[in-house]
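Student: Here is what each chain is made of, one letter per residue.
Protein chains: 2
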Amino acid sequence: MAQTQQVKDLAAARAKSTFPVIDLTRYIHGSDDKIARRRQLASLISNDPVFSNDTRVGLSRVQDVKQGLAMSLRLYQLKEEHNLTHEEMLTCMDFIDELLPVGLHETAFIPIIYAQGSDEQAKYWGPLADKHQIIGCYAQTELGHGSNLSQLETTATLDRDTDQWIIHSTTFTASKWWIGGLGAICTHALIQARLIIDGKDYGAHGFIVPIRSLKDHRPFPGVKVGDIGPKSYGGFSKIDNGFVRFENYPIPRENMLMRFAKVTRDGQYIKPPHSKLAYGSMVLLRSHMVRGAGMTLARAATIATRYTTVRRQFNVPTSRKDTANPALETQVINYPMVQSRLFPIIAQSYAMLAAGNKMRSMYESMLSELMQGDISSLAEVHAISSGLKSTCTTFAATGVEDCRKIMGGHGYSYFSGISHLWSTYVPSNTYEGDNFLLTQQSARYLLKQIKVATTDPEKVTPFSKYVIKTIDQEAFQAERCSVETVNDWLRPEVQLAAFEHRAGRLVGDLAIAAMQPGMVWSDLNLECWRLCHAHSQYVLARSVVEGVAGVRDQGVAKETVRVLKRLSDLFALHTIQASLGDYLEDYYVSPAQCQSLRQQIKNLQDALADDVVGLVDAFDFPDHYLNSALGAADGNAYQHLWDAAQREPINQVEVVDGYKEYIVPILNQHGAAKL
Amino acid sequence: MAQTQQVKDLAAARAKSTFPVIDLTRYIHGSDDKIARRRQLASLISNDPVFSNDTRVGLSRVQDVKQGLAMSLRLYQLKEEHNLTHEEMLTCMDFIDELLPVGLHETAFIPIIYAQGSDEQAKYWGPLADKHQIIGCYAQTELGHGSNLSQLETTATLDRDTDQWIIHSTTFTASKWWIGGLGAICTHALIQARLIIDGKDYGAHGFIVPIRSLKDHRPFPGVKVGDIGPKSYGGFSKIDNGFVRFENYPIPRENMLMRFAKVTRDGQYIKPPHSKLAYGSMVLLRSHMVRGAGMTLARAATIATRYTTVRRQFNVPTSRKDTANPALETQVINYPMVQSRLFPIIAQSYAMLAAGNKMRSMYESMLSELMQGDISSLAEVHAISSGLKSTCTTFAATGVEDCRKIMGGHGYSYFSGISHLWSTYVPSNTYEGDNFLLTQQSARYLLKQIKVATTDPEKVTPFSKYVIKTIDQEAFQAERCSVETVNDWLRPEVQLAAFEHRAGRLVGDLAIAAMQPGMVWSDLNLECWRLCHAHSQYVLARSVVEGVAGVRDQGVAKETVRVLKRLSDLFALHTIQASLGDYLEDYYVSPAQCQSLRQQIKNLQDALADDVVGLVDAFDFPDHYLNSALGAADGNAYQHLWDAAQREPINQVEVVDGYKEYIVPILNQHGAAKL
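So the protein lines, in turn, are chains A and B.
Add 25 to a position in the first sequence, counting from 1, and you land on the number used in our numbering.
Add 25 to a position in the second sequence, counting from 1, and you land on the number used in our numbering.
Derived by calculation from the structure, the hints in this document are not laboratory data.
None of the values given here were measured: they were computed from a predicted structure.
Possibly wrong hints are sitting among the right ones.
Any copy, or any two copies together, can satisfy a pair, since identical chains are not distinguished.
[What the hints assert, rightly or not] Once the Cα atoms are required to be at most 30 Å apart in a straight line, the calculated DSBU-like pairs of lysine-lysine come out as:
(1) K685 / K148
(2) K494 / K484
(3) K59 / K104
(4) K148 / K699
(5) K240 / K685
(6) K627 / K346
(7) K240 / K296
(8) K627 / K473
(9) K490 / K590
(10) K473 / K346
(11) K249 / K33
(12) K41 / K699
(13) K685 / K104
(14) K240 / K699
(15) K627 / K476
(16) K296 / K476
(17) K296 / K156
(18) K473 / K59
(19) K249 / K699
(20) K240 / K476
(21) K59 / K41
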């Protein structure tokens with residue numbers, strides 16, 4: 026077949042890249058060995074018929090869950106056949122790109138048993154779980170309680186006589202709900218329940234609770250378990266999120282996880298040693314989510330960048346021309362309206378990857394400090410991880426859907442590849458801490474830093490230093506952005522100063538508001554939200570600036586540094602522009618500076634235009650994983666869209682199922698046509 | 026069963042309404058007779074098992090389309106059984122709340138035949154279509170062309186010898202794509218193709234093209250037709266959007282729609298009389314979309330308002346307390362973070378309904394002027410309808426998903442009712458004029474008004490009067506917002522002046538930019554977009570202000586006027602706040618005014634808190650149509666969520682399908698557990 030115009034267009038755009046793409050693939054994925062191994066694992070999945078993209082969509086809910094089970098089994102078989110490490114199996118799970126019924130068994134049940142079980146418990150339950158001779162889930166949220174864990178209504182009451190816990194759903198709203206793996210597959214659940222001894226309530230603790238018999242998979246008496254039904258937007262389609270209720274259901278006392286709190290045979294409750302170590306795993310999870318937000322948005326950006334490069338629409342003059350093809354319509358990516366929406370998304374993707382790296386290294390140094398009993402960085406790292414989780418997952422969810430809209434009509438086809446991506450990603454804005462609630466934690470932390478700044482300014486933590494400047498309000502209010510020329514906006518210190526000033530003003534305002542007599546903290550949650558995002562944007566911008574500096578030191582091509590610097594600048598300036606009111610409100614930025622800011626953003630978009638295809642290629646997403654007719658690496662978008670439609674089950678017959686039953690009666694309701 | 030706390034909570038909130046809800050139901054739906062008839066039609070649908078909500082979700086794609094056919098047939102049967110008018114049948118179609126395979130037959134194919142067919146054609150084809158003895162679709166977009174209709178690649182070439190058109194897909198990208206009703210059901214298509222006679226191209230015209238045989242529904246030779254596959258997010262699931270390609274496919278010359286352009290037996294092309302009347306139907310469609318945006322957002326607002334009223338989470342102090350239940354957790358709707366997101370959405374819903382009314386009356390007076398040959402209002406009405414389509418459908422799509430997020434975790438259950446609503450609504454941002462492209466039309470129009478203002482200021486059209494003030498730039502730049510106290514923000518003239526000033530500044534800036542030497546228009550499309558939304562927001566705010574004045578004159582309760590005025594104020598002030606940078610950038614609004622603006626928004630939210638349940642009740646959505654466990658009128662959210670899950674097919678068996686095939690091998694891969 027002759028090469029289509031679309032294939033030529035993408036190849037031509039790719040050839041224009043000014044930097045060696047492999048530099049950035051290494052920046053994102055590490056050494057060449059790691060890149061190669063990653064690609065091998067990806068092809069394990071893409072070459073296996075169980076993971077074919079053609080058979081994933083358009084199934085009934087019952088078929089979907091069944092397919093999730095089939096994929097789970099195949100994943101375990103691949104692990105054996107190819108002798109994969111646990112880490113490699115998790116990478117394969119990423120490439121499968123479905124939440125699987127065994128997903129939380131691997132990522133929650135097993136780690137929690139090892140982390141919160143006593144040594145004996147870990148020794149007993151750990152291998153059973155590792156070999157998936159039992160399959161577990163993690164059951165925390167209930168119908169009535171999600172965010173507020175302290176009010177869970179499931180109880181575990183000690184029966185001293187039988188030495189058992191009686192697990193009970195005390196109310197209707199105590200029903201566990203949303204639990205991944207509970208609806209169909211699990212044999213055991215790690216249940217969070219309020220521990221009660223002699224009528225005394227010790228709060229939520231974890232218990233290993235048998236759910237279904239290993240003999241025939243039937244639920245045990247006293248256990249009412251099932252699937253909660255479909256999720257929104259077709260997301261989470263292969264996983265069996267479930268519910269469970271317990272009716273005075275007894276389990277052995279030893280099934281309480283006892284690494285920290287303990288209950289003895291004689292019913293004595295032994296308090297856990299006070300520990301902030303538990304925050305560690307939350308920080309780790311959220312730092313994963315920051316990188317995850319970057320990779321998710323990167324995937325949508327890859328699809329949208331490739332498709333808008335090959336999509337042509339309207340013969341209109343643009344300042345950026347495809348001079349090789351003057352007779353053809355304009356490539357959509359050459360319209361400023363598209364560039365101004367898409368390029369910042371590419372920049373955000375890279376920024377979040379940089380912040381993910383930063384979080385990871387902060388986590389690691391915090392961990393080694395904690396090992397030595399030094400908890401000084403814990404509070405800041407926790408606050409930053411909360412704030413970044415909120416900001417980054419919001420950026421990603423919004424940006425992915427923006428990418429779909431950027432692609433116009435065909436973006437709404439399932440085959441664009443955005444539907445599956447976004448529908449499964451968007452609840453990340455709610456789980457692991459609702460993005461709106463989380464912002465209060467960051468804000469509270471920053472308020473505390475203001476207090477520290479007034480008493481011990483040298484003790485203010487690294488990312489909060491800017492609060493010191495707010496103490497002298499007169500000087501602070503006189504601060505002005507130093508930009509004089511358009512190119513001044515390219516100075517990192519100018520950019521970071523702007524982020525710092527804005528966050529500083531908002532934390533100052535919040536501090537004043539919080540001190541008003543009679544002020545109720547919850548009345549300030551809008552202000553907390555504004556402050557938290559301002560702070561997180563500062564952290565992101567700083568991570569990006571430091572990331573560029575780091576790459577510069579790693580001996581990559583100077584062209585690579587140049588393009589990363591442009592992305593860094595675009596991220597910073599676009600982010601400032603998106604909240605310009607905050608910078609104008611206290612005269613920090615002047616109207617003339619607004620104009621030059623917009624001009625510089627345009628300049629950056631022009632400068633990046635030749636490199637965007639290379640920038641998304643660098644993410645190194647295999648076609649099978651992108652699963653996008655419009656975003657395939659060869660650019661043959663229309664052909665792939667056509668081919669995908671031809672493979673549809675509905676097109677395998679000439680006359681649709683339902684013809685005789687419905688169409689004939691419609692046509693004949695008023696007698697057949699006389700043509 | 027005892028009344029649940031949730032039921033009590035919603036009833037208590039409902040009882041607090043300060044105004045007679047029926048006043049606003051009449052405002053939205055008209056007379057009591059109309060309200061009653063609307064409810065009757067709704068119950069026709071809700072009482073019919075074919076339209077049961079329980080069987081709609083979780084189907085395979087093949088089953089989905091089959092169900093769409095079943096629903097289509099049942100709709101036509103109901104029309105006969107209940108002697109419904111065409112208008113009433115369309116109302117029933119709304120209540121069915123699915124895009125049906127016969128949907129575009131009713132709303133596009135039939136109206137176009139009557140509007141663009143000659144009298145003889147209307148007489149021949151009209152009754153066939155009315156009685157659905159043939160079923161048609163409207164085939165315009167192609168794989169390669171959506172927005173740019175002038176470049177369609179399907180041709181209709183006159184064969185003088187046979188007196189036929191030869192319909193042909195000249196390229197691969199000429200394949201018609203996205204056509205609703207084409208994939209499975211239609212017998213005929215109204216094809217837009219470029220009309221060619223003797224090698225001369227006369228541009229796109231409409232042709233009635235037989236697709237499938239009325240005998241056995243098989244496609245005719247030369248016609249390759251099928252379904253394009255699933256859409257994003259589970260949307261459009263019951264409709265058969267299709268593709269078609271033609272291979273030199275002949276149809277009679279008479280099948281060209283000939284009310285305007287004509288082609289005679291001897292191959293003579295007769296040009297249509299130049300007419301701007303065609304704009305009329307576009308204006309009408311877009312004015313429907315403005316009301317539709319309001320009703321769509323209203324539906325999500327109803328669900329979110331009711332659910333956040335019954336959802337309680339955290340025992341924390343708030344300034345708004347449920348004094349009757351001090352021991353219970355706080356109702357989520359009492360948190361300022363929720364109010365500040367949800368209440369403006371309610372206000373937007375009402376604002377868009379007001380703008381829909383305004384558009385409708387503008388359309389009607391324009392139509393009667395057009396009948397008398399007066400085209401003076403056409404350009405403005407067209408520009409406003411384009412701008413409002415873009416702004417309102419964007420508000421609605423964003424707002425619906427915001428409502429889901431406001432509801433927290435359970436919002437992501439399919440049973441929240443948001444999934445179906447949003448997934449089917451969101452492409453409205455792209456179809457009928459891409460929301461980003463459309464903004465250029467409004468902006469161009471406003472630029473022309475500046476020219477008019479310099480030469481004939483009295484000829485500037487009613488909604489563009491503000492451009493006159495921009496002529497004297499010195500005076501314009503000296504304009505300042507007149508607000509001195511918090512309550513000054515409640516003055517409609519203050520609000521409208523702010524909207525006018527902002528739009529005026531942006532149109533002035535655009536005019537200056539457009540005059541720069543060498544400036545390419547497409548480089549300004551970001552500026553056009555900003556201007557268009559500023560103008561549309563002004564139109565919305567003005568419609569709302571005028572709407573309140575209109576209601577005041579209609580003799581409703583003064584409490585009703587008061588609550589509408591508050592909504593109007595909240596809409597205006599929240600909209601200003603959302604783009605505060607634009608108002609600050611030229612010093613129109615001062616920092617102190619920003620503070621008082623935020624304070625006034627809080628005041629309005631407090632004032633509205635007792636009325637929000639009444640405000641959403643007034644929309645009068647039946648439960649079946651809301652199809653939301655969380656938003657049902659009785660407030661029994663958790664019980665409905667539980668019940669919906671119990672009815673899931675997956676829960677009708679004790680052990681899941683796939684147990685033996687997949688779960689047993691997983692459990693036994695490393696030998697069975699020894700517990």
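Student: None of the hints should be skipped; say for each whether it holds.
Tutor: Each hint, compared with the structure:
no. : hint        : in the structure
1   : K685 / K148 : between (63 Å within a copy, 29 Å between copies)
2   : K494 / K484 : within (14 Å within a copy, 55 Å between copies)
3   : K59 / K104  : within (18 Å within a copy, 65 Å between copies)
4   : K148 / K699 : between (80 Å within a copy, 14 Å between copies)
5   : K240 / K685 : between (46 Å within a copy, 12 Å between copies)
6   : K627 / K346 : within (16 Å within a copy, 50 Å between copies)
7   : K240 / K296 : neither (37 Å within a copy, 80 Å between copies)
8   : K627 / K473 : between (39 Å within a copy, 26 Å between copies)
9   : K490 / K590 : within (25 Å within a copy, 46 Å between copies)
10  : K473 / K346 : between (54 Å within a copy, 28 Å between copies)
11  : K249 / K33  : between (59 Å within a copy, 27 Å between copies)
12  : K41 / K699  : neither (61 Å within a copy, 62 Å between copies)
13  : K685 / K104 : between (49 Å within a copy, 21 Å between copies)
14  : K240 / K699 : between (66 Å within a copy, 12 Å between copies)
15  : K627 / K476 : between (41 Å within a copy, 28 Å between copies)
16  : K296 / K476 : neither (32 Å within a copy, 79 Å between copies)
17  : K296 / K156 : neither (32 Å within a copy, 78 Å between copies)
18  : K473 / K59  : neither (42 Å within a copy, 59 Å between copies)
19  : K249 / K699 : between (60 Å within a copy, 25 Å between copies)
20  : K240 / K476 : neither (61 Å within a copy, 83 Å between copies)
21  : K59 / K41   : within (27 Å within a copy, 63 Å between copies)
Hints 7, 12, 16, 17, 18, 20 from the earlier list are contradicted by this structure; the remaining hints agree with it.
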